[in-house]
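Engineer: Here are the chains, one letter per residue:
Number of protein chains: 2
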Amino acid sequence: MTITITAFEKSPDGGKGLARDTRVRWALEEAGLAYQVRLVSFDAMKQAAHLALHPFGQIPTYQEGDLVLFETGAIVLHIATHHAGLLPADDNARARAIAWMFAALNTVEPPELEREAAIFLEGGKPWRAELLSLIEDRIAVRLGQLSAHLGNADWLDGAFSAGDLMMASVLLRIRSSGLLEKYPNLAAYLARGEARPAYRRAFEAQFAVNAGKHL
Amino acid sequence: MTITITAFEKSPDGGKGLARDTRVRWALEEAGLAYQVRLVSFDAMKQAAHLALHPFGQIPTYQEGDLVLFETGAIVLHIATHHAGLLPADDNARARAIAWMFAALNTVEPPELEREAAIFLEGGKPWRAELLSLIEDRIAVRLGQLSAHLGNADWLDGAFSAGDLMMASVLLRIRSSGLLEKYPNLAAYLARGEARPAYRRAFEAQFAVNAGKHL
Chain A
0 MTITITAFEK
10 SPDGGKGLAR
20 DTRVRWALEE
30 AGLAYQVRLV
40 SFDAMKQAAH
50 LALHPFGQIP
60 TYQEGDLVLF
70 ETGAIVLHIA
80 THHAGLLPAD
90 DNARARAIAW
100 MFAALNTVEP
110 PELEREAAIF
120 LEGGKPWRAE
130 LLSLIEDRIA
140 VRLGQLSAHL
150 GNADWLDGAF
160 SAGDLMMASV
170 LLRIRSSGLL
180 EKYPNLAAYL
190 ARGEARPAYR
200 RAFEAQFAVN
210 AGKHL
Chain B
0 MTITITAFEK
10 SPDGGKGLAR
20 DTRVRWALEE
30 AGLAYQVRLV
40 SFDAMKQAAH
50 LALHPFGQIP
60 TYQEGDLVLF
70 ETGAIVLHIA
80 THHAGLLPAD
90 DNARARAIAW
100 MFAALNTVEP
110 PELEREAAIF
120 LEGGKPWRAE
130 LLSLIEDRIA
140 VRLGQLSAHL
150 GNADWLDGAF
160 SAGDLMMASV
170 LLRIRSSGLL
180 EKYPNLAAYL
190 ARGEARPAYR
200 RAFEAQFAVN
210 AGKHL
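Top line first, the protein sequences correspond to chains A and B.
Its first residue numbered 0, the first sequence is counted upward by one per residue in numbering that gives the first Met the number 0.
Its first residue numbered 0, the second sequence is counted upward by one per residue in numbering that gives the first Met the number 0.
Pulled out of the complex, with its shape left as it was, chain A reads as follows (with noise of 0.2 Å):
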């Protein structure tokens, strides 16, 4: 059956990775499956016709015949569950890769989120740099905390997972911070997740949108 996700028709970031559509690609590319790509506008993504699609008004949504699905996680767990190359055979393994999706989204990702609201959206605030500098705090005790679990390892538990996918495509988002520098095994370990073939066919291919190369 064909995989069609939505993307940005035009990236904020302009196609550097940080649109979510990202994540989608590059977990399809690990598991080696064909999909079509549909760009939708910020205008459209407000219409009825989208959010049948994605009840808030995002990107990426997945198709794949009768199914639609929306929110990155589940769209990459599901991708995960069905094909091989994301998440290990061993149960309890299996468990602990899912864990470290959920502690991507739901403890790393949210104080990120809230800087980039402080950036964009207090802007003209006299407080934003006071603000920021809160926040930062914040996400500084998560970064510690994570790289001291992961030490010298290669993955968070054994082997690449889509745990990693997610960590590394949480890391990557703020990275023009300059945070991840204090932490030098968490940028290694977002360049390994970088340096993968399957993560760079998803960039490019992101890329492409945003240089006009997409068909």
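Each hint can be trusted.
Cut-off 25 Å, straight-line C-alpha distance, at most; resulting in silico cross-link-like pairs (DSS-like, lysine-lysine):
id, chain 1, residue 1, chain 2, residue 2
1, A, K15, A, K181
2, B, K124, A, K124
3, B, K15, B, K181
4, B, K181, A, K45
5, B, K45, A, K181
Because the hints were derived from the structure by calculation, they are not lab data.
Just so you know, these numbers come straight off a predicted model, no measurement behind them.
Model the placement of chain B on the given structure of chain A, informed by the hints.
Structural biologist: This is chain B only, laid out in the frame that chain A set:
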């Protein structure tokens, strides 16, 4: 195999359902599973013994034989995957229920966490009210979209699922803000969740801890 979870020795909310162990207790009760609770102090949560179970030093954790899990979403999903009562049998419906779990944790809860951070961490700042108002506007956008999707339905996607368990738990987190009152269908949805016998048992077991009745 015995299931053991951890919970706050002294919950910040006095045991009124807001600590994340409630979500796990609720899932265990829906699945009809017995469990033991080990209480941990805030000091103990930062020590190596607890960090070995939970790298981010939080509760709950979940132990069952050799399996050690953290992250509420992952624990609830693990329970839901291995026992009846929390996920539909149909594969597509199951994927959609899991999507609602992720939507609760990665789309609806993050601005709520931001609100709590603003209340507790920036309490002494003169710009707190202004920041809270901006955050509450963002929460209202999510609640409005969720309300539009739910409409007159009882649950988010057909029968009650782990997706509803998680979404109701996330809505519970902001009830005290008064923000839910603008969306009567969401308030009724939360009330339906709270009326479930499994939720009542989970709530009472957690409340008993704070009342000093935990054995």
